[in-house]
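Participant: Chains as they are written, first to last, in the working numbering: chain Z, 1 to 403; chain C, 404 to 740.
Please note that a few of the clues may not be correct.
Claimed, not checked - Below, in silico cross-link-like pairs of lysine-lysine (BS3-like), each with a Cα-Cα straight-line distance of 27 angstroms or less:
1) Z:137 with C:702
2) C:702 with Z:253
3) Z:253 with Z:238
4) Z:62 with C:551
5) Z:189 with C:551
Derived from the structure by calculation, the hints contain no laboratory data.
Predicted, not measured: the structure shown is a model, and the values here were computed from it.
Below, each chain spelled out in residue letters.
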Amino acid sequence: MSTRSLTLALALLAGLAMAAAPALAQMPGVTATEIKIGNTNPYSGPASAYGTIGKVIAAYFKKVNEEGGINGRKVNFVTLDDGYSPPKTVEMVRRLVEQDQVALVFQTLGTPTNSAIHKYMNQQKVPHLFLATGATKWGDPKNFPWTMGFQPAYQTEAKIFASYVLKNVKDPKIGILYQNDDYGKDYLKGFKDGLGDAAKKLVVLEQTYEVTDPTVDSQIVNLKNSGANVFFNITIPKFAVQAIKKAHDIGWKPLHLLNNVSSSVDVVLKPAGLEASKDLITALYTKDPTDPQWKNDPGMKDWLAFMQKYYPEGNTKDGFNVYGYTVAQTLVHVLKQCGNDLSRDNIMKQAANIKDLSLPLLLPGIKINTSPTDFYPIEQQQLAKYDGERWALFGELYDASKK
Amino acid sequence: MPETTDAPTLAGSSPAARAGAASRLWRIVGFVVLFAVALTLPFLLSNFRLFQFTLVFVYAIALLGLNILTGYNGQISLGHAAFYAVGAYTTAIMIDKWDVHYALTIPVAGVLCLVAGFLFGIPALRLEGLYLALATFALSLAVPQILKYFEHWTGGSQGIVLNKPAPPLGLPLTPDQWLYVLSLAILVVLFVLASNLLAGRTGRAIVAIRDNPIAAQAMGIHTALYKSLVFGVSAAYTGVAGALSAITIAFVAPDAFNVFLSITFLVGIVVGGLASISGAIFGAFFIQFVPNWAQDISKAAPWAIYGVFLIVFMYVMPRGIAGTLRLAWARLRSRSP
């Protein structure tokens, strides 16, 4: 090589390095070989059942790294335990942002925990992506341009049920059982909004329970005695089992609408009794790993193989592991779309620019879409009726973004 | 019951008096050095570390409150998370609903908790030891649900989001630096107050009730009044800590004030040193940092690691960190001529 071309090459290299250096400096948490992602999850404490979501996400990033990473960069997933305690979440997230200098914070779990860091993330201008909570307030790009939810909002789902009732039930008399907290009230609000002005007339009885209650038997008896012919069941799995069983035992056969939270075949329907569970209606957006209709589904097979290889101690009947896998895939999609510009601005820009992304474990036809004004990634769900063996999907996909 | 106390050195015969004076001098020098270090930290550490240290100060105030009750007076409480919550919510609601200046809410929280603690202390008089522990445990269990019930005020389980206060008078500090200085100042004031309270007649009466209530009564101490008052003061300290925590974290939610927090406080005073004022600070460092270290060591079983730490601590330092330091200091002095 001549001196001249060597000089030229060196000059070019230096130029490149100088061009690259400021770009890198603008990208906290990102080096030429790595992208650092922060997360908090309740690995201990009252909500530790959700801890598996953090573990399956870590396992998925391990797979991504073994397959070469994202545009050549390995994912460094820093996940910390917050025990579902908001002050701990604040401390851990501040550690992630200020000390570990992560590029973004991803899938922080829980409504109160995320509320605690909502303002902070937006003041710091750090992407706060795909939160693991169904509250409606996470899709507010105007006031909180750095925060984005993921799953369908509870209110959205409740509206689907409401429109189904209005269209299909003659002279509905509706009884509702809900958990006495934000989760229950969010569903309740969506349902009543969906019913519109008729809500006061149609809802004949509302019953509540506390998470700490031993049973909901008496509530079910009250609901039966109210003469309701539609039952909207807003309960977490433990109480859903009780409610389905009790209604069956006392011979109450309303149109039984069960919220997505408790739609697992193995966790809820089987313990409640398959006979008792027949004709339940729910709204779905992911494939239930315990539903036999997906046994030969290629997406489900890939997932099972992944679980076996990267997370063998994980429970393959647990829908949370499907959820974690799906949300991790969504983030990988966003980061790939970022190309080489992994600045926080661009990460947020690309997160708000997902177009018709379909993922293997979402129901067929469901697509993830976001835009600078639409911070609700999943807005489609489909109703399904339990036929004693599997959730039979029926009707068309309901799309909340089109209403 | 623990037998250690921070009993003041008795001034009497001249060598003892001289030793007492020397020891007091050393103690003052020690505190001045510590205070100087604490004051330089805000300019050396990152905002995140300052936030952690601010939490240490907040915990230290709460632990001192609990230590006055449990360590000095012998009343076991598993309910201090409740007073912490009352303090935090007093501040949060006053700022959020009535736009009150945050600094004014701190004394209000303290006074409110003083009254609440005093009132709770009256029925608690009938309960001793473990029975009192159970009654206060019930308080801890009830408060998060009560907070959720008054949703209009408390924001339900969504909690209340606050703004971090900016430093006053245009001081060139970040909000984290300011909160550090503020809580350090409150900590120092409350510690001086507590040490004055505990060093005199009142302190001896409080300790006498713990060691032998019947003898204390025979000496003319109004046991019932003292016990309820101590309960009130203890709750007030914890309430002030709660108020500061709400300002520091800028968020309150019922789930943060569960039974586990009460137990954490109890762990803090035992590890730090029962019936010791400085023990509250050591205990606060323990409950703030050890769970984090445990998590760094093992993500799979952080609480198992924490448990091991706890057992080792109790085995090596049965009188807590403060007790062990005192013992070491005493030995060192007796060896030197």
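Participant: Which numbered conditions among the earlier hints are violated in the structure presented, ordered from lowest to highest?
Facilitator: When the structure is compared with the hints, numbers 1, 2 and 4 turn out to be violated.
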